[in-house]
Every structure is written in C-alpha cells, then in structure tokens.
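Below are the chains, spelled out letter by letter.
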Amino acid sequence: MAENTKPLLKTEDVSEVFGGLKAVDDFDFYINRGELIGLIGPNGAGKTTIFNLITGVYVPTTGEILLDGESIVGLKPYEITQRGIARTFQNIRLFSELSVLDNVKIAYHCHVKYGLLETVFRMGRYFGEEDAITEQSLKLLKIFKLDEHAHEVAKNLPYGAQRRLEIARALAAQPKLLLLDEPAAGMNPQETHELMEMIRWIRSQFDLTILLIEHDMSLVMGICERIYVLEYGIIIAEGTPAEIQNNPEVIRAYLGTEAVN
Amino acid sequence: MDFLHQFIQQLINGVSLGSIYALIALGYTMIYGIIKLINFAHGDIYMVGAYLGFFGVTAAGLPILPSLLISMLVTGCLGMVVEKLAYKPLRHAPRISLLITAIGVSFFLEYAGMYFVTATPRTFPNTGLNFAFDVAGFIINGQQLMIFAITIILMAILTYIVQKTKLGKAMRAASFDTETAQLMGIDSDRVISMTFFIGSSLAAAAGVLVGVYYNTIDPLMGIMPGLKAFVAAVLGGIGILPGAVVGGIILGVIEALVAGFLSSTFRDAAAFAILILVLLVKPSGLFGKNTNEKV
Amino acid sequence: MNSVRKRDLVMLVFGLAVFGTIQGMISGGMIGSFWQLNIILICINVIMAVSLNLINGYTGQFSIGHAGFMAVGAYVGVVATTNFHLPLIAALILGAIGAGILGFMIGLPTLRLRGDYLAIATLGLGEIIRIVIMNIEYVGGAAGFKGIAHLTNFAWAYFAMLVTLFFVKNFVNSSHGRACIAIRENEIAAEAMGVNTTKYKVMAFTIGAAFAGVAGGLFAHQFYLISPNSFTFLASFNYLIMVVLGGMGSITGSIAGAFVVTFISAALASFPEFRMIIYALALILLMFYRPQGLFGYMEITNFAPVKKLLDKLSGTKGE
Ligand SMILES: Nc1ncnc2c1ncn2[C@@H]1O[C@H](COP(=O)(O)OP(=O)(O)OP(=O)(O)O)[C@@H](O)[C@H]1O
Ligand SMILES: [Mg+2]
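Chains as they are written, first to last, in numbering that gives the first Met the number 0: chain A, 0 to 260; chain B, 0 to 294; chain C, 0 to 318.
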C-alpha cells in the first residue's frame with residue numbers, strides 16, 4: 000500500500016458510552032483503499048458497536064469518522080450506505096418472509112433512478128432498470144451459490160446460506176467498503192473455507208475494501224492483511240497476522256488462559 | 000375570583016374523574032408491562048364491572064360496597080379467563096396478532112354485552128350518596144367522596160401487594176424481563192394470570208364508581224374511558240404504576256378544565272392531543288427512561 | 000419485459016369485462032337497489048382496504064385511524080360539489096389531495112413511533128379529525144352535511160377502484176414498493192440497505208390517505224347526508240378487519256376482505272349485534288389459526304392455474 004494515499008476510512012478518537020459503560024474508547028484506526036482488515040477481540044469488546052458507529056446506527060459520543068476525508072458523523076444509516084458503506088449483521092437480519100431474489104433486489108434501491116410516476120404508469124426507465132436489477136441480482140446469487148434458491152423464502156435457507164445471502168445483499172448496494180460482522184459464525188470448517196475463498200474473490204472482482212469481525216482465527220489469519228485487536232473498547236494491538244499471533248498482550252487478552260496452557 | 004372559584008371546582012371534578020382513569024390505567028400499565036400488549040379489551044372489562052355492580056345493587060339488592068367487592072372478584076376472574084383463552088395461545092405470536100386479538104375480544108365483550116343486557120342505558124339506583132358538602136363554597140358530593148376513598152384504599156392495597164408480597168416481587172421481575180424471570184424460577188403464567196386478575200378488578204371498581212358517579216351505564220361505555228386510560232398510562236410512562244396514577248389524574252384534570260373553560264366537545268380531542276404530544280416529545284412518558292435498541 | 004405489460008393488459012380487459020357484466024345487469028334491472036348499493040359499497044371498501052393495506056400490510060406501519068382520512072376526502076368533496084359546484088371528478092381529486100396533505104402532515108411526526116404506539120396514535124388522530132369536523136359549523140358540525148347531490152354510481156366507484164388497484168399494484172412491484180416492504184420485514188436492515196425509512200413510511204401513509212380521500216368522496220356522494228359519526232374509529236376497525244382477514248400484504252386479500260365483510264354486513268344488516276359478535280370471533284379465530292389472513296402475502300396471480308392462464312393469454316397475444 001502506498002503510504003501517502005488518503006485512507007478510505009479513518010476514525011479519530013471515537014468513543015461510545017452506554018449509560019455508564021464505555022463500549023468504545025478512543026478508537027483510532029484507518030483502512031486504505033483495497034485493504035482487507037480484521038477486527039478481533041473477546042466477546043463484548045465493542046466490535047459490533049464500532050460497526051454500528053461507522054454505519055450511523057449509533058452516533059459517537061465523541062470523535063470523528065471520515066470516509067474519503069469527509070465526516071460521516073451524524074448521517075443517517077441510509078445516507079452512509081448511499082455514500083458507499085454496506086454491512087452484514089452478526090444476528091442475521093434478512094427480509095425473512097421475502098424471496099432470496101427480492102432480498103437482493105431491495106439493496107439496489109439507492110441506485111434506482113426511475114421516479115414515482117414512471118413506477119405507477121410503468122413507463123420511462125421502469126422496465127429497463129427493473130430488468131437490469133433482476134439480471135444483476137441473479138448474477139450475484141450465482142456467485143454466492145444461491146441461484147438455485149432464488150425463489151425460496153429467505154427464512155427457509157440453511158444458516159450458512161443465510162449468511163452468504165447477507166453478503167450478497169450487502170454487495171448489491173454496490174459499496175466501496177464492506178463491513179462483515181462474523182460472517183463465518185455458525186458455519187462448519189468446510190463452509191468457512193469456501194467463504195474465505197469467496198471473500199477473496201469478491202474483493203478483487205468488485206474492487207472492494209473489507210473490514211471484518213470474526214472469531215474464527217483460521218479465517219482471520221488466512222485472509223486479513225492487517226488486524227486490530229480490541230479489548231474493553233480499547234485497541235490493544237495492531238499488525239499483520241504474524242505479528243498479532245505472537246503478541247503476548249493479545250495472547251493474554253484474547254486467547255486467554257487456554258492459550259497459555 | 001370567580002374564575003379562580005370555577006377553576007378550583009373543575010379541579011375537584013377533574014381529580015375525581017382522574018381517579019377513575021387512574022384505576023383503569025393501572026390495569027393497562029400492569030398488563031402492558033408484563034406482556035407488552037395494549038389490552039384493547041380493558042375498557043370493556045371495566046364495562047362488565049359496572050354492570051355487575053349494577054346488578055349487585057338492583058337484582059341482588061345488596062348495598063353498594065358488597066356489590067363493588069363482588070364485581071371486582073368476578074370481573075377479575077373474567078380478566079383471567081380472557082387471558083387464558085385469547086391471549087395465552089398467542090404468547091409467542093407477533094405482537095400485531097395479539098393486538099388484533101385484543102380488538103376482537105373488545106368487540107366481543109361489547110356486543111355480547113349488548114346482546115345480553117340490551118343497548119339501553121341503565122340507571123344506577125340511589126346508593127345513599129346523593130348528598131353534597133359545601134366546603135368554602137366548593138361543592139364536593141358523596142359520590143366524589145366515595146371515589147376518593149375507594150381509590151386511595153385500592154391503591155394502598157396495590158402498593159402493598161406489589162412492594163411487599165412474593166407475588167408482587169415476581170410481577171416486578173417478570174415485567175422487567177419475562178424470560179429471565181422465568182429462568183429464575185418464576186412461574187410466569189401464574190404471574191400473568193394474577194396481573195390480569197388485579198388489573199381487571201381495579202377496572203371493575205372504576206366501572207362501579209363511574210356508575211355511581213354518572214348514574215348511567217351502557218354496553219359501549221368502556222370504549223372512550225378505555226382509550227383515555229391508555230393515554231393516561233402512556234402519559235405517566237407505560238409499565239410504571241405511580242405513572243399511571245399521576246397520568247390518570249392529570250388527564251382527568253385537563254379534561255375537566257377543557258370541558259369547563261372551552262367546550263365539552265373538545266374534551267375527547269384533548270386526551271388524544273395529549274397522547275400524541277407525549278408520544279412525540281417523550282414517548283417513554285413522564286416517569287419513563289428512554290432506551291435505545293441494541294443492533 | 001413485454002410480458003409484464005401484456006399481463007397488465009389482460010387484467011385490464013378482465014376488469015372491463017367484469018364492469019360490462021355488472022353494469023349490464025344493473026341497466027337491465029336484474030340487480031335491485033339494495034344490492035346495487037352494496038356493490039358500490041364493495042368498490043369503496045376495496046379502495047379503503049387496499050389503501051390501508053399499503054400502510055399496514057406492505058409497509059408494516061400499524062395504522063388504525065383510516066376513517067379519519069376518508070372523512071377529510073368526504074368533506075372536501077361535498078364542499079367542492081355543493082358549495083363550489085365542481086364536478087365529481089374534481090371533488091374526488093381535491094378530496095384525495097386534502098386527505099393526502101393531512102396524511103403527510105400527520106405521518107411525518109407520528110411514523111417515528113413503532114407498533115402499538117403508532118396504532119394508538121393513529122386511532123387518536125382519526126378521532127381528532129372527526130372531533131374537529133364536528134366543530135366546524137361551515138360543514139354542518141355534529142349534525143352533518145346535508146343536501147349532497149347523489150353523484151356516485153357504479154361506474155364511478157368501479158373505475159376509481161380500478162385506478163386504485165393498478166396504482167397500488169404497480170407501486171408495490173417497484174423499487175419504491177420494495178423499499179416499503181423492506182421496512183416491514185426489518186427496519187434496521189432496510190435502512191442499512193440504503194432505504195430512507197422515514198421517507199417511505201410517509202410516502203406509503205400519504206398515498207394511503209389520499210386514496211382513502213377518494214373513497215370518502217365516493218361515499219359522501221352516494222348518500223344525501225354525511226355526519227362525523229360515519230367516520231368513527233369503529234369504521235376504521237371495519238377496514239382493518241377487511242385487511243387482516245384478506246391478508247396484510249396482499250391486494251387480492253384486500254379485495255376478498257372487502258367483499259366478505261361488506262357482504263356479511265349486508266346479509267346481517269338486521270342483526271347488528273350478532274354481526275359484530277361474528278366479526279369478533281372471526282378476528283380472534285383468524286389470529287389463532289391463520290394470522291396471515293386468507294391470502295397472506297400471496298396474490299391470485301401467483302396461484303399456478305391463474306398464472307398459467309395469464310401467461311397463456313399474454314403469450315398468445317404477443318404472437
Ligand atoms: N444499545 C446498547 N445499549 C447498551 N449497551 C450496549 C448497546 N450495544 C452494545 N452494548 C454493550 O457494549 C458492549 C460491546 O458490545 P458489542 O456488541 O460491540 O461487542 P462485540 O465485541 O461485538 O461482542 P461479540 O463478540 O459478543 O459480538 C457490550 O457490553 C454490550 O452489552
Ligand atoms: Mg458483535
């Protein structure tokens with residue numbers, strides 16, 4: 000990575016306080032364009048909260064978040080998505096009663112140009128754009144091996160497939176930066192391995208920058224270029240997978256006694 | 000001086016009306032606190048209570064107090080039955096299903112009531128309370144005194160139950176977090192059942208008191224007070240018992256003032272305007288804490 | 000792409016055929032005035048149910064004050080025709096605009112509320128609208144507005160209904176409609192996918208209110224007198240029942256719901272209590288055994304035989 004390029008995303012001293020609890024404490028980090036970064040830490044460390052801060056679900060108590068050098072603090076989640084950040088959720092949040100295809104189609108929403116009149120009279124750009132959306136959605140589903148399930152109801156998919164659908168849906172929003180919250184949770188090693196390949200592939204294919212939270216170390220160490228380690232809302236280490244694996248502070252905090260033995 | 004005099008007189012009227020709202024609101028708030036349901040049928044439970052009191056006094060020829068007690072007991076049981084039959088099967092259903100069911104129960108009680116007792120309003124007989132005091136120029140009548148007395152007694156009993164008994168503790172635990180309470184070994188079915196009993200009997204008391212106060216009752220009498228008591232509960236902060244009482248009294252006073260100084264046609268609008276104002280400004284109510292959803 | 004357009008055409012032709020048949024029967028004196036009135040009421044109720052469904056079923060915002068918007072459309076409409084001597088079409092459009100604007104103004108602040116809070120707030124607002132009308136002497140106050148010209152007939156009601164159905168159908172099958180549905184399914188995810196949830200909630204609410212205004216205009220010009228008491232929350236509940244019965248999120252369902260409820264009401268007109276008891280029990284049993292309503296999220300056009308027929312009709316036409 001070139002040292003002098005402006006980072007795609009940068010946070011400056013971001014903190015979030017819930018009642019008396021400081022869930023995120025002076026969080027400072029950056030992601031350069033094209034990087035694949037991991038965010039790890041024990042349960043309750045504040046990882047998901049950081050995602051919620053970046054995507055505008057929570058507003059930081061203090062601090063600044065810059066996307067392409069511009070502040071996104073105070074923007075609504077949908078505005079942030081429109082500026083190019085899409086995410087998945089740790090506790091899957093699909094449109095569960097809708098078909099797999101519709102789940103993806105919805106995410107094209109911010110790129111649709113036809114207006115209300117064109118909708119109601121089915122004229123102008125309506126048919127052209129709708130057809131394009133359907134076609135692109137099916138392509139995305141194919142990448143995630145979901146094309147055969149396109150017309151099934153999302154809630155009936157197996158767990159691993161639901162996680163993949165969440166990623167497909169996030170990609171449909173055509174983000175620059177993709178945030179994945181525990182994408183491998185609940186997957187078996189085989190599925191995790193496939194997921195890893197998929198993440199690699201979509202990154203190069205879609206020119207993405209990715210930030211991912213994950214507890215599965217094989218996945219994190221396998222694909223991330225840099226890793227941030229969080230504990231009690233504070234960054235305790237940062238570095239390449241090799242550096243992190245050998246960092247005694249991380250071993251103590253994250254891997255706990257089990258690693259010491 | 001004249002204005003002030005009228006103001007205070009309306010205040011007295013408002014507090015007695017507000018006490019009635021408070022009694023109904025308590026049930027709303029308790030039930031909402033524990034199963035997160037706006038029990039639309041609560042106003043109709045209150046109507047049933049009024050009729051039972053009426054029949055106690057007329058058909059059975061009992062004095063007013065025993066009628067009130069019997070009505071509370073029977074209506075409380077009715078509340079439990081409604082919960083068992085209509086709400087319990089939907090404990091894990093979406094909340095909208097539960098809400099629609101409550102609307103259904105409400106209709107059922109109203110029109111089944113109409114079928115059995117006819118739509119004709121009934122007039123409460125003289126209960127020996129038709130006297131009035133003149134305190135420094137302000138009129139307080141016997142009915143109002145009875146309302147104050149009964150409301151205070153019932154609230155004292157309720158406070159005792161909620162604060163001091165095992166049941167009360169279980170109720171508070173369950174309304175704080177039903178699932179955890181269950182894990183801690185609280186029989187939530189029983190607690191919910193008892194909550195309906197208590198809430199419904201308070202509504203019954205309010206029904207009988209209203210019968211005594213306004214003299215007439217009819218099968219649809221529960222709709223408006225039911226909605227307004229809900230407003231009172233929201234105003235005080237839903238799920239919070241003292242909030243329901245304060246909310247009820249504030250609402251009663253505001254209504255009396257609007258009716259006294261503006262026009263009685265705007266009385267009902269006042270309650271709803273308050274509701275919307277509260278929901279927009281502080282949805283958690285006067286005594287509630289704001290919470291945000293975890294994502 | 001063209002098959003979708005042709006399907007619309009097939010449905011339009013079907014709609015016209017139904018119109019022709021019923022209109023023919025009315026003109027031929029085969030339908031008495033009682034059932035004529037009820038057929039018109041069915042059309043009006045379909046408009047009410049479908050527009051309410053857009054808010055409750057598709058967007059998932061539980062509103063139970065729909066009769067209030069109907070009242071606005073009715074009163075604006077009758078003032079337009081009676082006091083300003085405008086034609087019915089203008090009255091309907093003005094009623095829609097009036098109700099729509101009010102829906103927008105009410106929706107903007109209240110749609111922040113969720114679930115049952117929104118329900119009770121819309122109920123309250125519906126009642127406030129009614130009470131305010133009651134206090135406007137210009138429109139007759141509590142006594143009601145008298146001397147309304149009888150301008151509504153089957154053709155007006157039917158075509159207004161057809162317009163509503165096509166509007167709502169096209170809306171929900173677009174990116175805008177999908178945004179609304181996404182809000183119903185999962186508001187947080189919808190927002191994360193770039194849906195401006197406030198905008199779409201308010202949009203659905205405004206469109207729903209506007210069509211309720213049209214229904215109100217038709218309703219008012221069917222009877223010679225309207226009063227605020229035609230638009231209480233009991234009326235709102237009636238429309239709610241149609242939507243819930245038919246299926247929240249199905250246009251076909253709302254049509255079916257409006258049909259069934261209007262029919263039962265007409266059949267049991269002389270036993271009002273009995274009718275309400277049946278409604279009550281039906282509502283409760285529905286929630287127990289089929290909470291998604293008769294049709295759930297399904298449309299009649301999704302059912303295999305109908306779909307096949309439609310495909311065939313629109314296919315053969317294309318050749
Ligand atoms: N909306 C909220 N209100 C109050 N506290 C919250 C809220 N959201 C998160 N927290 C608290 O903030 C802390 C960090 O939570 P967070 O979900 O970010 O952890 P995490 O690192 O993602 O953990 P996990 O690995 O279990 O997903 C926790 O103590 C959590 O209880
Ligand atoms: Mg997390």
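Honestly, the hints are just simulated from the structure, not real lab data.
No residue lacks a Cβ here, since even glycine has one placed at the ideal position from N, Cα and C.
Hints may contain errors.
Label pairs and their computed distance ranges (CB to CB) [what the hints assert, rightly or not]:
1. B:90 - C:113: 12 to 22 Å
2. B:90 - A:41: 29 to 39 Å
3. C:300 - A:41: 33 to 43 Å
4. A:157 - B:118: 52 to 62 Å
5. B:93 - A:17: 44 to 54 Å
6. C:113 - A:58: 43 to 53 Å
7. A:157 - B:176: 46 to 56 Å
8. C:300 - A:124: 57 to 67 Å
9. A:17 - C:103: 34 to 44 Å
10. A:58 - C:145: 52 to 62 Å
11. C:103 - B:161: 36 to 46 Å
12. B:58 - C:233: 54 to 64 Å
Starting from the hint 33 to 43 Å, judge whether the C-beta atoms of residue 300 of chain C and residue 41 of chain A obey it. Between residue 300 of chain C and residue 41 of chain A, where Cβ atoms are some 52 Å apart, the hint is violated.
Does the Cβ distance between residue 93 of chain B and residue 17 of chain A fall inside 44 to 54 Å? violated, 28 Å
Honestly, do residue 58 of chain B and residue 233 of chain C meet the 54 to 64 Å range at C-beta? violated, 30 Å
Between residue 300 of chain C and residue 124 of chain A, does the beta-carbon spacing fit 57 to 67 Å? violated, 24 Å
Taking the beta carbons of residue 90 of chain B and residue 113 of chain C, is their distance inside 12 to 22 Å? holds, 20 Å
Is 36 to 46 Å a correct range for the gap between the Cβ atoms of residue 103 of chain C and residue 161 of chain B? holds, 44 Å
Kindly confirm whether 52 to 62 Å is satisfied by the beta carbon distance between residue 58 of chain A and residue 145 of chain C. Holds, at about 56 Å.
Residue 157 of chain A and residue 176 of chain B, beta-carbon distance inside 46 to 56 Å? violated, 31 Å
Quick check: does the Cβ-Cβ distance between residue 17 of chain A and residue 103 of chain C fall within 34 to 44 Å? Holds: the Cβ-Cβ distance is about 35 Å, inside 34 to 44 Å.
Can you let me know if the beta-carbon spacing of residue 157 of chain A and residue 118 of chain B is within 52 to 62 Å? holds, 57 Å
Would you say the C-beta atoms of residue 90 of chain B and residue 41 of chain A sit inside 29 to 39 Å of each other? Holds - the Cβ-Cβ distance for residue 90 of chain B and residue 41 of chain A, about 35 Å, lies within 29 to 39 Å.
Okay, residue 113 of chain C versus residue 58 of chain A on CB: inside 43 to 53 Å? violated, 19 Å
Checked against the numbered hints listed earlier, the structure breaks hints 3, 5, 6, 7, 8, 12; every other hint is satisfied.
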